[in-house]
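*Asks:* Here's the letter readout for the chains.
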Amino acid sequence: MQLLIAFLAGLLMSIGIAVSKMIDPAKVLAFLDVTGNWDPSLALVMAAALAVYSIGFRLIRHQPAPIMAEKFQLPTLTKPDKPLLIGATMFGLGWGLVGYCPGPAISALSAGSTGTLGFVLAMVAGWYLARRWPLNI
Amino acid sequence: MDNFTPVSALIGGTFIGLGSLLLMVALGRIAGISGITSLAIFQREGRSWRLAFVVGLLLGPLAVSLALSDFSFSTPELSWRTVIAGMLVGLGTAWGSGCTSGHGVCGIGRFSARSLIATLVFMAAGVLVASLF
Numbered sequence: 000m001q002l003l004i005a006f007l008a009g010l011l012m013s014i015g016i017a018v019s020k021m022i023d024p025a026k027v028l029a030f031l032d033v034t035g036n037w038d039p040s041l042a043l044v045m046a047a048a049l050a051v052y053s054i055g056f057r058l059i060r061h062q063p064a065p066i067m068a069e070k071f072q073l074p075t076l077t078k079p080d081k082p083l084l085i086g087a088t089m090f091g092l093g094w095g096l097v098g099y100c101p102g103p104a105i106s107a108l109s110a111g112s113t114g115t116l117g118f119v120l121a122m123v124a125g126w127y128l129a130r131r132w133p134l135n136i
Numbered sequence: 000m001d002n003f004t005p006v007s008a009l010i011g012g013t014f015i016g017l018g019s020l021l022l023m024v025a026l027g028r029i030a031g032i033s034g035i036t037s038l039a040i041f042q043r044e045g046r047s048w049r050l051a052f053v054v055g056l057l058l059g060p061l062a063v064s065l066a067l068s069d070f071s072f073s074t075p076e077l078s079w080r081t082v083i084a085g086m087l088v089g090l091g092t093a094w095g096s097g098c099t100s101g102h103g104v105c106g107i108g109r110f111s112a113r114s115l116i117a118t119l120v121f122m123a124a125g126v127l128v129a130s131l132f
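Quick note, the sequences are listed as chains D and L, same order. Start counting the first sequence at 0; every next residue gets the next number (numbering that gives the first Met the number 0). Start counting the second sequence at 0; every next residue gets the next number (numbering that gives the first Met the number 0).
It should be emphasised that the hints constitute simulated quantities derived from the structure, not laboratory data. One or more of the hints may lead you astray.
[Said to hold, decoys possible] Coverage of chain L stretches by chain D, computed from C-beta distances (three or more under 8 Å per stretch; other residues unrestricted):
1) 5 to 15
2) 21 to 30
3) 57 to 63
4) 73 to 79
5) 87 to 93
6) 111 to 125
The beta-carbon is built from N, C-alpha and C at its ideal position, and this holds for glycine as well.
Isolated chain D, as found in the complex (with noise of 0.2 Å):
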């Protein structure tokens, strides 16, 4: 039953990515890049899953444990670090080269694109990468 679930969840927010269009990096430029033809559709793809997300979070938050596991596991972490701030800017970089972030990378695989591919293949290796070497500063 975990299982469906977690699959369901991962194909509901691929359907939304999907739907938005976010899955065509050229969309995804037309919003960040606001030099040109402006394209402000991503903002309301944020509004929209973030208006459901806080809501739902506010109706369960102190609810003692989730339906089906036995606690919430929510980050520890509160304060901005520097490695938040070097690597929420490095990712940034790579977002506005191309205009993949990781959920769209990974569900556009399924068009077989050889570019699509190259990309998920060298985020997973910048993850490993990043395993075997944390920032520790």
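For chain D, the structure is supplied; the task is to place chain L on it using the hints.
*Replies:* Structure of chain L alone, referenced to chain D:
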């Protein structure tokens, strides 16, 4: 702004919010795509639910193409630019503990200052690069 698509943006965003919320309500987990996918690959413990999530991610566009006849999207060319971008996104989301979904939706959605700051930083960097290059 002739390329503005508010309706599909709001519908798509609602699906993203619902999927993320489902993972929190049922399994008590943050729906951070970079973290879940990376741990599905590199960590044995908790691999099965993470793999199930990734399979769902992979099948989304197929589901949409069955429902909408005119669904299509572009993909990037394979180039140094694509590979460098992928490497930056991998290193950055691992060191920065999240991406658009984990920080931008789940983090801000539960009013985390850390995630709000991370989102502002990666948005600013993304806008800068996309606007300059």
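*Asks:* Next, verify each hint and record whether it holds.
*Replies:* Do the hints match the structure? See the list:
1. Under the rule that three or more residues need a Cβ within less than 8 Å of chain D, the assignment of the region 5 to 15 of chain L holds, with 10 such residues.
2. Coverage of the region 21 to 30 of chain L by chain D holds in this model, with 10 residues showing a Cβ closer than 8 Å to a Cβ of that chain against a need of three.
3. For the region 57 to 63 of chain L, the assignment as covered by chain D holds, since 7 residues bring a beta-carbon within under 8 Å of that chain's beta-carbons and 3 suffice.
4. With 6 residues having a Cβ less than 8 Å from any Cβ of chain D, the region 73 to 79 of chain L passes the three-residue criterion, so the hint holds.
5. Using a Cβ-Cβ cut-off of 8 Å, 7 residues of the region 87 to 93 of chain L lie near chain D, which meets the minimum of three, so the contact claim holds.
6. Requiring three or more residues with a Cβ within less than 8 Å of a Cβ of chain D, the coverage given for the region 111 to 125 of chain L holds, as 12 such residues are present.
The structure shown violates none of the earlier numbered hints.
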